[in-house]
Every structure is written in structure tokens, then in C-alpha cells.
Amino acid sequence: MQIYLPIADLPVNIFLILGMGLAVGFISGMFGIGGGFLMTPLLIFVGVSPAVAVASVASHIAASSFSGALSYWRKRAVDLALACLLLAGGIIGTAAGVWLFTTLRALDQLDLMIGLSYVTLLSAVGGLMIYESVRAIFRAKQGIPVQMRRPGSHTWLHGLPLKLRFKRSMIYVSAIPVWIIGFIIGFIGAIMGIGGGFLLVPMLIYFLRVPTATVIGTSMVLTLVTMASATVMHAATNQLVDAVLALILMAGGVIGAQFGARAGQKISGEWLRLLLGLLVLAVGLRFSFELGVKPDDLFSIRVVETTP
Amino acid sequence: MTARRPLMLAVAAAALFAAVPPAAAERLIVSLSNHRVAITSSFDGEDLVLFGTVERDAATVPRQRGYDIVVTVTGPRQTLRTRRKDRVLGIWVNVDSRLFVRVPTYLGIFTNRPIADIARAEILRPLQVGIDNFLLPQSIGPDTADTVRDDPFRAAFVRIETEKGLYRESPSAVTFLSPTVFRAAIPLPAEVPTGNYAIDVKLFADGALIGRTTSALEIVKVGFEQYVANAARDHGILYGLATAMMALLTGWFASVVFRRD
Chain A
1 MQIYLPIADL PVNIFLILGM GLAVGFISGM FGIGGGFLMT PLLIFVGVSP AVAVASVASH
61 IAASSFSGAL SYWRKRAVDL ALACLLLAGG IIGTAAGVWL FTTLRALDQL DLMIGLSYVT
121 LLSAVGGLMI YESVRAIFRA KQGIPVQMRR PGSHTWLHGL PLKLRFKRSM IYVSAIPVWI
181 IGFIIGFIGA IMGIGGGFLL VPMLIYFLRV PTATVIGTSM VLTLVTMASA TVMHAATNQL
241 VDAVLALILM AGGVIGAQFG ARAGQKISGE WLRLLLGLLV LAVGLRFSFE LGVKPDDLFS
301 IRVVETTP
Chain B
1 MTARRPLMLA VAAAALFAAV PPAAAERLIV SLSNHRVAIT SSFDGEDLVL FGTVERDAAT
61 VPRQRGYDIV VTVTGPRQTL RTRRKDRVLG IWVNVDSRLF VRVPTYLGIF TNRPIADIAR
121 AEILRPLQVG IDNFLLPQSI GPDTADTVRD DPFRAAFVRI ETEKGLYRES PSAVTFLSPT
181 VFRAAIPLPA EVPTGNYAID VKLFADGALI GRTTSALEIV KVGFEQYVAN AARDHGILYG
241 LATAMMALLT GWFASVVFRR D
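So the sequences go chain by chain: A and B.
Per the working numbering, the very first residue in the first sequence carries number 1; after that it's consecutive.
Per the working numbering, the very first residue in the second sequence carries number 1; after that it's consecutive.
So here's chain A without its partners, still in its complex pose (with noise of 0.2 Å):
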């Protein structure tokens, strides 16, 4: 069934965009994570402008990240006011980011942007993932207990003022590396359409200390709040928002993450964080190549101005 996008100024088939939501829902579900990173590349390939896509995916991500923040906060798993201070930076960072984005578009310098980002970000971070992953596969299969958490361990971060006890988290660190991590998480998730999640959560654990319990909770409602301010970022400054495709997308969104995270559950930490980091890596390599190859149409058109 076609069904005519009105932003996007394409028809799709419904039942396709469905079911990317579905599959793209289910991963998210899986390990924890937006899913942007999978869902804006799937819908430039489909035909969608990668503005377009980067714009509209943001909704999508808010849905399924409040749909989880609500589940994480339930079970008492948020940290608030870790969050408050997470978000400070990132509605900043989102700001700058939608600004960089439409400075970027205006130069036709914007595809190559998404992609280079894409090609670095992720193949730095699913590579780190398999490592870590891999090497604590190896240490459980030796018999080494896990330390995610090493209460004495205090890094240069620790020793920056401005301190402040987060209670939930049982974390006593500076304001000043949180505020950092929240504004480039929300600058980098506004011009690659991402939530940003995959990041987050290694930087929270690693940097801050921040427990497992907690961390997934607090991530999910600095990328619900992000993503919704950066829809009506993108709306306001470049009417880029497709509204149709959104909610199609959000439909098939949050149901598949029931079914993920229903999944997920049945697989062990290291060997879901293996998965998630060859399936990051997987994507990053896609951007590198297509970079890298020469592509079989070496033009293309921006539309600069539309004359009634």
C-alpha cells in the first residue's frame, strides 16, 4: 500500500516503513539504544533526502526513548538530577547542532558531513565495543570476576570543581564533565539523526562512574528530551519534519522494542555489548565504502529555491 509523505514529497509502501520500524524497534529494544544510527541510513536508502531523514528520525526516537524512560522509572532506575544537568548541555549541544546542520546544508557539504561522522563515530565505537566485549567474554570464560566498577579508582575527572552528589547514582563528581558529555551527545545526535544512546552510555560508565542500574534509565530520558527538542529545532528552522513518516515509524518503533527487549533479556551483557558493537562497526564500514568508492552518479541536485 503506497501512501504519500507530505514533507518528503514521496510516495513509500507503508507496510515497508512499518517494518523497518519493527526491525529498528527490535534492536533498539535489544540492547537499550535509540536506533537512529540504523533507521536514518535505512531511509536515505529507501529514497528519503538524508535531511529529511535525519529531521524526522529524532521524532521517532523520542517515542521509543519515552516509551523505555517510563519502563526505566517505574522500576526507579532514573537519575534525575544527573539527567537535569546531562540535558543543560544537550539542549545546548542540540542548538548548536541543528545550527552546524543547516550552515552545512547550505554549503551542499551536508551528506558528506553525516557520512564522515558516521564513518568515525561508529567505527571507533563498535570497535571499542568488540574489544571490551571480547576481552570480557575471555576473562569470564577464565574465571576472572568483572569489575565494572572500581569505587577507589578516581580519574584526572574527579578532581575538577564544582562537585555535586548525584543520589540515585551514589556518584560524587564535577558538574563540568557531565555538562560536556550532555552538549556532545545532543550536538552530535542533531546532525547525524541520531539519539545518541550507544554513545552515552559507555561515556556515563567509563568517565563517570555511573552504575549500571541507573545508567540506561538516565540515558534514555537525556535522549527523549533531546530528540524532542531537536524535532522542534529541525521543524522551526528547516521544515524538514516529515509528520507521516514519523508516526509510521513510531508505530513500528516501540512495538518491535517490546518484542527486543523481551529478547534481550535472554542473552548475556557481554555478548549482547559484542553484538550491538559488530552491528555498529557493521554500519560505520557501510559509510566508510561509500566514501571511499566511487560512486556511479558523481552529481546530484539541491533544490536551493521553490518559486510559486
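It is worth saying that the hints were derived from the structure and are not from the lab.
Warning: the hint list may mix true and false statements.
If you want the ones that stay clear, here's a sample from chain A, every Cβ over 10 Å from chain B, calculated [what the hints assert, rightly or not]:
#1 PHE15
#2 ALA81
#3 ALA140
#4 LYS141
#5 GLY143
#6 ARG168
#7 TYR206
#8 MET227
#9 ALA236
#10 ILE267
#11 LEU272
If you want the footprint, here are the derived chain A segments under chain B, 3+ residues with CB under 8 Å [as the list claims (entries may be wrong)]:
#12 3 to 12
#13 106 to 114
#14 252 to 259
#15 293 to 302
Keep in mind that this is a model prediction, so the values were computed, not measured.
For each residue, glycine too, the CB sits at the ideal point set by N, CA and C.
Once you have looked at the hints, place chain B on chain A.
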């Protein structure tokens, strides 16, 4: 008063003669199947049909080689940039671009036989018959001018638009049902832009333009599609807030429906 009347009659007669071509020429009459195409949620392209007839009178000279029809359909104008990628430090980057100023979003040129057979190139070029002869102005520095036909940017632009089905040239889209009655098929692809379209019908005989008429059509988004598109354009912030609210509602709904604790 009485002296003025003959003068007025003479002026009227002169105006009449100026408007109506000499008696020897044919009159071209066309009718379009649908002047308003509505884009709904199930829009998947549409084919329009243009019917026309060549009216002759007793004084019309016989045309041994028959008539030729050229239907040119132009969509609303837009300014766009055609970009060319090149390898920079091992990756493919947009390095060069040209600005195409106010070119049609849709350009269809439909004829009853290959354009080159209809008339000589010197006649077709100023009349902009055929995509190759159509003016696609590029802005080059302070000037705006069309380039040579085989300019790589022009060729790439036409090729990409043709692949999208938005630029098309068909030498078989016009069929003569009788020596003077014809029909033309105008295909509109699913991605057709909305706006006002101009239809220009030219009548050729013996390699010369002998008649011309125009028609118009309008492609509009209707109902929900129009509402969404207008809302996004005119009330960006409200539209964004509404979409964000919709996201929250969907997420909340899912967490309630699938709640297991």
C-alpha cells in the same frame, strides 16, 4: 456622432483582423482531460490526456505531409544547484556546482514523431522545442545564461531529472486519430511537484510553425497532505511541538499497552 461611427467600425475591423490570423491558417483547439490534479495520500502518479483538433476552413491550403504537434508542459519554476563529486584525500566530496536559475520542476515535451523530423534546427531552437533546445539558465558569476547543450552540468541535470521522470521527451506521446484530430498523453510521475503548470501546444506543417495555443493545469495537495505541508511551512514551531507531542503519546501508549509489571 454619425461621423464617428464608421471610424469606430474601421478600428474594430482592424483589431479583428489583427487578432485572427490570415484566412489560410488553421486554428488549433485543445482540451485537457483534467485541469486540476489532486495529490492525496494514495497518489501514485497520474496520466492526463489532451485532445485537440486542427480546424480548417474552405480557404485553407492542403498540407500534403500532414500536421505535426508539439506539446510542451512546464511545471512551476525552481532554482537549484547541480553538484559534482570528486575525489579529495581518498573520499568523494562535492567539489564543484552550478546554480540553475528558475528552471521548470517538470518539463515534458511530447510530439507525434522525432523532433528532428518536424522542422529544421534553426526553426526549433528559438521555439524551445525539445529538451536540448529548452532554456535552462545557469548563473555564472554575475550573468545568467544557458550553456552549450553538452555542458556536463546541464547534461547531468537533465539526466537526473529524466531518471526521476520529471523531464521527459517522447516522440510517440501524440497520436493522430484522424488527419486533423489528435490526442496527447501527459504522464505525471508520483514525485510530481505541486503548483501551476503551463501547457503550450504548437502546430507545425511542412517544417514551419503555423499555429499555437495554450492551456494550463494545476497540481495541488488536498486534504490531509495539504494540511500537513502547510502547517510545516507556516507554523514550524507549532508543527514541531505537535510532532514531539505525538512522539510522547506514542511512547506512553506503548509503555501502557505492553506494561508487564
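Quick rundown of the hints versus the structure:
no.: 1; hint: PHE15; in the structure: holds (14 Å)
no.: 2; hint: ALA81; in the structure: holds (22 Å)
no.: 3; hint: ALA140; in the structure: holds (29 Å)
no.: 4; hint: LYS141; in the structure: holds (33 Å)
no.: 5; hint: GLY143; in the structure: holds (34 Å)
no.: 6; hint: ARG168; in the structure: holds (19 Å)
no.: 7; hint: TYR206; in the structure: holds (28 Å)
no.: 8; hint: MET227; in the structure: violated (8 Å)
no.: 9; hint: ALA236; in the structure: violated (4 Å)
no.: 10; hint: ILE267; in the structure: holds (19 Å)
no.: 11; hint: LEU272; in the structure: holds (20 Å)
no.: 12; hint: 3 to 12; in the structure: holds (count 7)
no.: 13; hint: 106 to 114; in the structure: holds (count 4)
no.: 14; hint: 252 to 259; in the structure: holds (count 4)
no.: 15; hint: 293 to 302; in the structure: holds (count 9)
Against the hints set out earlier in the document, violations occur for numbers 8 and 9.
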